[in-house]
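Work out the full structure: start from the sequences and follow the hints.
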Amino acid sequence: METKALKKAMMTSISEILETMFFMPLEFSENEDLTTIGDSSEEPLLAVALKFEGPISGQFMAVIPNSLAKTLSANLLGLESDQVERAHVEATLREMINMTAGKTFSLYDSQSVFKLDIPEMIDAQMVLGDASSQPTAEIVVVVDTEEASLGFKLIKVD
Amino acid sequence: MAFNVLIVDDSLAMRSVLKKTIQMCGFKTGQILEAANGVEALKSLKENWVDLVLADYNMPQMDGLQLIEEMKKDELLSKIPVVMVTTEGSEKQVRAFLEKGAADYLQKPFTPEQIKTKLNRIMGEPEDGDESIEEGDDDLDF
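Chains as they are written, first to last, in our numbering: chain L, 1 to 158; chain B, 1 to 142.
Hint data in this document are derived by calculation from the structure and do not stem from the laboratory.
Honestly, I wouldn't trust all of these hints.
[Said to hold, decoys possible] For lysine-lysine, the following DSBU-like pairs were computed, each having C-alpha atoms within a straight-line distance of at most 35 Å:
| hint | chain 1 | residue 1 | chain 2 | residue 2 |
| --- | --- | --- | --- | --- |
| 1 | B | K73 | B | K118 |
| 2 | B | K92 | L | K8 |
| 3 | L | K8 | B | K118 |
| 4 | L | K51 | B | K20 |
| 5 | L | K7 | B | K118 |
| 6 | L | K115 | B | K118 |
| 7 | L | K115 | B | K72 |
| 8 | B | K19 | L | K115 |
| 9 | B | K72 | L | K51 |
| 10 | L | K51 | B | K100 |
| 11 | B | K19 | L | K8 |
| 12 | L | K7 | B | K19 |
| 13 | L | K8 | B | K100 |
| 14 | L | K7 | B | K100 |
| 15 | L | K51 | B | K73 |
| 16 | L | K4 | B | K46 |
| 17 | B | K100 | L | K115 |
| 18 | B | K92 | B | K46 |
| 19 | L | K156 | B | K100 |
| 20 | L | K115 | L | K4 |
| 21 | L | K115 | B | K116 |
| 22 | L | K156 | B | K43 |
| 23 | B | K20 | L | K7 |
| 24 | B | K20 | L | K8 |
| 25 | L | K8 | B | K72 |
| 26 | L | K115 | B | K46 |
| 27 | B | K116 | L | K7 |
| 28 | L | K4 | B | K73 |
| 29 | L | K8 | B | K116 |
Listed below in structure tokens is the structure:
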């Protein structure tokens, strides 16, 4: 029940944030395999993570192809794509995961306070592979956009 | 009247988004200043004339609530309204913002219309096509 409610909150949050802040229409994929992200191209994947503590604790992560990350950055910051630099992309991804996590938890449990750490860029393999800690639950959401797919993963740790 | 605004956020992206949104939403802005945390914000507030502060809650060094606490200790700075910008939307957290003295809060994601409405209300500016200022704020009721 908790996992179902969390996933619903994640999906609502992702949808609202990508559409409102990044002007990015999306569809949710039935596929929950993050290793398919960026499968069809050779381009690098970027990943960002944020630790959280509250009634549930764990890590909120996202993995995204570099080109889609640049598009999101251009949309958020109002830049042309050739003006987008690595610092813009990283700042955008940090803000994306921060907003997505915050909105997810406020939708999931508006009575409780969740403490969010400062987001950090991580190696994409940390999202695609097994978590180093022992998760007690894992929720994966894969999002399709016109340009490419990106994925979100929430791992709950006791 | 145009208002000088100080945006306080450790995120380069969010500072840029807030700046752009405030400029395009129709709120009457003068100078828009930026600071990356509460410490930088206090320095900027002492060096510049600022009418309104938009402060992120979750920042390193000095968070948004600590910034409000510091501003309340100064007679001049205590009069400047602070809008807390946050991803955290729990009722307990929002209540804490308001109890500490925030004029209002803005939860991400936000639209330009939401920003304009809140900032105009706080600064006593009339809404478009409505010269009256409504008292209170539905967002603040629990």
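Results of checking the hints against the structure:
Our distance criterion of 35 Å between C-alpha atoms is met by K73 of chain B and K118 of chain B, whose separation comes to about 25 Å. Restraint check for K92 of chain B and K8 of chain L: satisfied, since their Cα atoms lie roughly 22 Å apart, inside the 35 Å limit. For the suggested pair K8 of chain L and K118 of chain B, the alpha carbons sit about 29 Å apart, so the restraint of at most 35 Å is met. With a C-alpha separation of about 29 Å, the suggested pairing of K51 of chain L with K20 of chain B holds against the 35 Å cut-off.
Restraint check: the Cα-Cα separation between K7 of chain L and K118 of chain B comes to about 31 Å, which is no more than 35 Å; the hinted pair holds. A distance of roughly 26 Å separates the Cα atoms of K115 of chain L and K118 of chain B; the hinted pair therefore holds under the 35 Å criterion. With a C-alpha separation of about 25 Å, the suggested pair K115 of chain L and K72 of chain B falls inside the 35 Å cut-off, and the hint holds. For the given pair, K19 of chain B sits about 26 Å from K115 of chain L by alpha-carbon distance, which is consistent with the 35 Å threshold.
Taking the CA atoms of K72 of chain B and K51 of chain L, the gap is near 31 Å; set against the 35 Å cutoff, the hint holds. Using a Cα cut-off of 35 Å, the hinted pair K51 of chain L and K100 of chain B holds, with the two alpha carbons roughly 26 Å apart. The suggested pairing of K19 of chain B with K8 of chain L holds, with an alpha-carbon distance near 32 Å, which does not exceed 35 Å. Among the hinted pairs, K7 of chain L with K19 of chain B is consistent with the structure: their alpha-carbon atoms are about 32 Å apart, no more than 35 Å.
Using a Cα cut-off of 35 Å, the hinted pair K8 of chain L and K100 of chain B holds, with the two alpha carbons roughly 33 Å apart. The straight-line distance between the Cα atoms of K7 of chain L and K100 of chain B is roughly 33 Å, inside the 35 Å bound, and the hint therefore holds. For a cut-off of 35 Å, the pair hint linking K51 of chain L to K73 of chain B stands: about 33 Å separates their Cα positions. At roughly 49 Å between alpha-carbon atoms, K4 of chain L and K46 of chain B are farther apart than 35 Å, so this suggested pair is violated.
Straight-line distance between C-alpha atoms of K100 of chain B and K115 of chain L comes to about 18 Å, which keeps the hinted pair within the 35 Å bound. Taking the CA atoms of K92 of chain B and K46 of chain B, the gap is near 31 Å; set against the 35 Å cutoff, the hint holds. A hinted pair counts as satisfied when its Cα atoms are at most 35 Å apart, and K156 of chain L with K100 of chain B qualifies at roughly 32 Å. As the CA atoms of K115 of chain L and K4 of chain L are separated by approximately 22 Å, the hinted pair is consistent with the 35 Å bound.
Restraint check for K115 of chain L and K116 of chain B: satisfied, since their Cα atoms lie roughly 28 Å apart, inside the 35 Å limit. Between K156 of chain L and K43 of chain B the CA atoms are separated by roughly 40 Å; this puts the pair beyond 35 Å, and the hint is violated. With a C-alpha separation of about 32 Å, the suggested pair K20 of chain B and K7 of chain L falls inside the 35 Å cut-off, and the hint holds. Proposed proximity of K20 of chain B and K8 of chain L is supported: the alpha carbons are some 31 Å apart, at most 35 Å.
Restraint check: the Cα-Cα separation between K8 of chain L and K72 of chain B comes to about 40 Å, which exceeds 35 Å; the hinted pair is violated. For the proposed pair K115 of chain L and K46 of chain B, the alpha carbon gap of about 30 Å is at most 35 Å, so the pair holds. For the given pair, K116 of chain B sits about 32 Å from K7 of chain L by alpha-carbon distance, which is consistent with the 35 Å threshold. Restraint check: the Cα-Cα separation between K4 of chain L and K73 of chain B comes to about 46 Å, which exceeds 35 Å; the hinted pair is violated.
Between the alpha carbons of K8 of chain L and K116 of chain B the distance comes to roughly 30 Å, so the proposed pair stays at or under 35 Å and holds.
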